[in-house]
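**Student:** Spelled out from the first residue to the last, the chains are:
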Amino acid sequence: MRELIEFLRTEGVDESLLKAAEDWRTKQAPVEESVAHRIPVPCYPYYGKDVWEEAISALLSGEHLLLVGPKATGKNDLAENLSALFGRPQWDVSFYINTDAASLIGTDTLSKGEVSLRHGPIARCALEGGFGVLDEINMAKNESLAVLHATLDFRRCIDVPGYDRIPLSDATRFIATMNYGYAGTRDLNEALASRFLVIDMPPITEENLMKLLRREFPELKEAYARQFMSLFTDIRKKCDSAEISTKALDLRGLLASIRLMSQGLPAIRALEMGIVNKCFDDFERQLVEDVVRGRIPENLTGREAFGN
Amino acid sequence: MEIGENEKRRARNQIWTAAEEYEFEPSLKTYDAEGRADLYWNTVAGCVRRDWDGALEALFVSFELSVDCQLYEQLTWLGLESAAFRREKDRRPALPALRRGYARRTLEEFARFPSDRPIHLLTAGRCREILGQDPELKGRDREVLNALDLPGDLDGDVLAERLRETLTAYFGYVPQDPARSKAADGPDTGKKRRIFGSQRGNRVHLPAVRGFGYGFGEHSRDLTGGSGPAPQRRLGDMSVTQSAEALRVYIASYFGTPLYAKEQVKKLERDLCVGDHKNCKLYYAQGGDDLDKSARGYAGAQRRAALKQMVKNKAAYDANLTRNHASIARLTARIRNAMLAHLQPTVVRTSAGILDAARVWRAAELDDDKVFNRTLRSDPGDLCVDILLDSSTSQTLRQETVSAQGYMIAESLTRCGIPVRVTAFCSLSGYTVMTRFRDYQETDRNENIFHYFTTGCNRDGLAVRALGRELEDAPCEHRLVIILSDAKPNDVIKVSRSGSYLDYVDRIGVLDTAREVRGVTRTGAAVICVFTGEDEDLPAARVIYGRNFTRIRKLDQFADTVGSLIQNQIRNL
Chain S
1 MRELIEFLRT EGVDESLLKA AEDWRTKQAP VEESVAHRIP VPCYPYYGKD VWEEAISALL
61 SGEHLLLVGP KATGKNDLAE NLSALFGRPQ WDVSFYINTD AASLIGTDTL SKGEVSLRHG
121 PIARCALEGG FGVLDEINMA KNESLAVLHA TLDFRRCIDV PGYDRIPLSD ATRFIATMNY
181 GYAGTRDLNE ALASRFLVID MPPITEENLM KLLRREFPEL KEAYARQFMS LFTDIRKKCD
241 SAEISTKALD LRGLLASIRL MSQGLPAIRA LEMGIVNKCF DDFERQLVED VVRGRIPENL
301 TGREAFGN
Chain G
1 MEIGENEKRR ARNQIWTAAE EYEFEPSLKT YDAEGRADLY WNTVAGCVRR DWDGALEALF
61 VSFELSVDCQ LYEQLTWLGL ESAAFRREKD RRPALPALRR GYARRTLEEF ARFPSDRPIH
121 LLTAGRCREI LGQDPELKGR DREVLNALDL PGDLDGDVLA ERLRETLTAY FGYVPQDPAR
181 SKAADGPDTG KKRRIFGSQR GNRVHLPAVR GFGYGFGEHS RDLTGGSGPA PQRRLGDMSV
241 TQSAEALRVY IASYFGTPLY AKEQVKKLER DLCVGDHKNC KLYYAQGGDD LDKSARGYAG
301 AQRRAALKQM VKNKAAYDAN LTRNHASIAR LTARIRNAML AHLQPTVVRT SAGILDAARV
361 WRAAELDDDK VFNRTLRSDP GDLCVDILLD SSTSQTLRQE TVSAQGYMIA ESLTRCGIPV
421 RVTAFCSLSG YTVMTRFRDY QETDRNENIF HYFTTGCNRD GLAVRALGRE LEDAPCEHRL
481 VIILSDAKPN DVIKVSRSGS YLDYVDRIGV LDTAREVRGV TRTGAAVICV FTGEDEDLPA
541 ARVIYGRNFT RIRKLDQFAD TVGSLIQNQI RNL
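Respectively, the protein sequence lines represent chains S and G. My numbering applies: residue 1 is where the first sequence begins, and numbers increase by one. My numbering applies: residue 1 is where the second sequence begins, and numbers increase by one.
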């Protein structure tokens, strides 16, 4: 937490917002020990001062967030970082076609020979004052999500016929993510969208990507960090101009490749595993391979990239 | 040398990557001796474009029609390569290794096919230098090579001037006036040419793909003299001054039996031909192969040509019958699998869910907690598909392919029980013509798609609006519209805006189509474009369809692409 606040200070996030977030934490009911392990420790910090300020302001105001953006814009990283900053346990709910009210709110089960309600992730968020990350919310059927309307608006409760009425804890917030980046995905219906404040997630800037690489891999040579940053930019431009799909635009894949290099794997092979081979179309793979070969020397070993 | 489409596209991508922009058609694309895109040279070409393009354009244009055009170009690129490499090598650590690889390959070719042509001698000399060897050139050849070894920090104008000076001093190049180059030939220039082994050829137009070092270069700048402006689309074959009724008869003769009664079409026109489509007309054709024997003159001739095309479409399909049947089977299996995986409701026994009273005893007696049922809600309602095919002249060269692919899609969907409607659209003489090959329930009319033929322009906005109206009657909860288009609306009926009339092309047409697509999307239907256009039309496709378009390089991929889109749609129901 301290570390995260320090990070946000160095990123230039408004001091008064950071102070307000800290105050908010102290005013909330303490997190139960049984769910304390759910308070995330972010794998990667999210870079982007403006987005941070918008998100913190929204959550402090009691609003829920919808993070909208194409692939590799850090939607889930930001959600995890926010849970950590506000010190709340996090429940991840991946939405898919079969997501229904029961899988969100809860369902009947047997307990000690009696039928009882087993709480789903949304109900547990409500009870424990948690942060619910509704991942790819637009993948579920809108009809299934109608059950969340009362949860997400001013009523702040879960009220499904046949279930108990569960009021939301003051600390409970929901952060939904949504990707509109590929043909065939649907829009969220208006009723649901109106219950969120929406942040249009920008692609990570070159400067921030460089910072991320330097932070994650302090021993990576500056020149190569710059090349990997440019490689990612090149692939993004290719996606933006519809020359390739977004399969190769994979920041996690890039970071994993660099991690493989730190283990000593040659750069080209590591990038093949992390990026190039994610394209299953031969021609597309060739285009991405050209981008990699145009940037990264063929004989670059992992050790050379890391300078030891 | 025939360069494959994929290699052309790859070369273009290599240049775009290095140039860091995508909105231009490279003036030079390079390939190795095997016709494969040359990563090193295309990277150099991209860097040159990014850093010096504007300053060098005049220099390249001045070579035009010169008898030594090819020599000048290659010498210029030899110089530019050295400058671009020096400028870029620190920014791209891969470049030195790529350059050495290029040098090694070139020297191998030089050893296999020795040559005394100056460009080959100089290239070989440069390649030896790259590999740290002696260039094995003497006298003036060595001087030329040194003169073409340029630093990377030059300003574009200075760089162009240095190249110009070298060409003038050693190769008799006369700047700015290629016509006078021949007349100005004195004994000196002749001697220079002999020293360097240059042969003066005939003044001929060079082919677009020509030798470049030991590989090939494809030039798209109009230095070849062969490529004129793109052919204009035919904007209508009858004068708009003819009477409205005569025009309607003409359109009916051309496109065949109408689909709807006159009154119905009039009502549709009243509703749809408003706003930017004021003064437009609609014609709905049945898409049959009937011929009005009384049709004479131009309309009759055109209809007969269309009928011939229909026969050609079917013959082309039949010529590859086995392969096409296999494609239909494959596509059917893909769609059916997606449906099986996503459309079947399943009841599973679980330890949580809806209590199954008949099984409660198992909990008490057998300690089996799976006494609950859970239905996986995967019955998403039904889906119907509308396919809208651009049948303007931009698709003229691929009529057989469009019809075959359209047929295969319709046949596959029919076999899967998904209602599909296939319509072609084009516009002629102010009429936007919607040809309906088959409707949702007409499962036996798939072969009508072979009646596809192309003519006229395309008023995409009105076609989408007209289809949107018909979607209101779709029998299914979920509707998917797939539009085959080049995102290049173009029609003769102008758009009236505050007293002035604007052409329905470019921005006006694109924005109008985008508006209409949004209108259909708002009704809950999904609209996806299968884009067949050129790179220059990509921004327009983005404006019209947002991210909901997918590009195909060849129309052979149409059915497969549509298969994937339908799979996605089924997954997302």
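Mixed in with the good hints there might be a few duds.
[Claimed, not checked] DSS-like cross-link-like pairs, simulated, lysine-lysine; straight-line CA separation at most 27 Å: (1) Lys89(G) - Lys221(S); (2) Lys237(S) - Lys370(G); (3) Lys370(G) - Lys112(S); (4) Lys221(S) - Lys8(G); (5) Lys112(S) - Lys141(S); (6) Lys8(G) - Lys211(S).
By construction, these hints were calculated from the structure, which means they are not laboratory data. On a predicted model such as this, the values are computed, not experimentally measured, just so you know.
**Student:** State for each hint whether it applies.
**Tutor:** A quick look at each hint next to the structure:
| no. | hint | verdict |
| --- | --- | --- |
| 1 | Lys89(G) - Lys221(S) | 17 Å, holds |
| 2 | Lys237(S) - Lys370(G) | 52 Å, violated |
| 3 | Lys370(G) - Lys112(S) | 14 Å, holds |
| 4 | Lys221(S) - Lys8(G) | 35 Å, violated |
| 5 | Lys112(S) - Lys141(S) | 34 Å, violated |
| 6 | Lys8(G) - Lys211(S) | 37 Å, violated |
Violation of the numbered hints given earlier is confined to hints 2, 4, 5, 6; the remaining hints are satisfied by the structure.
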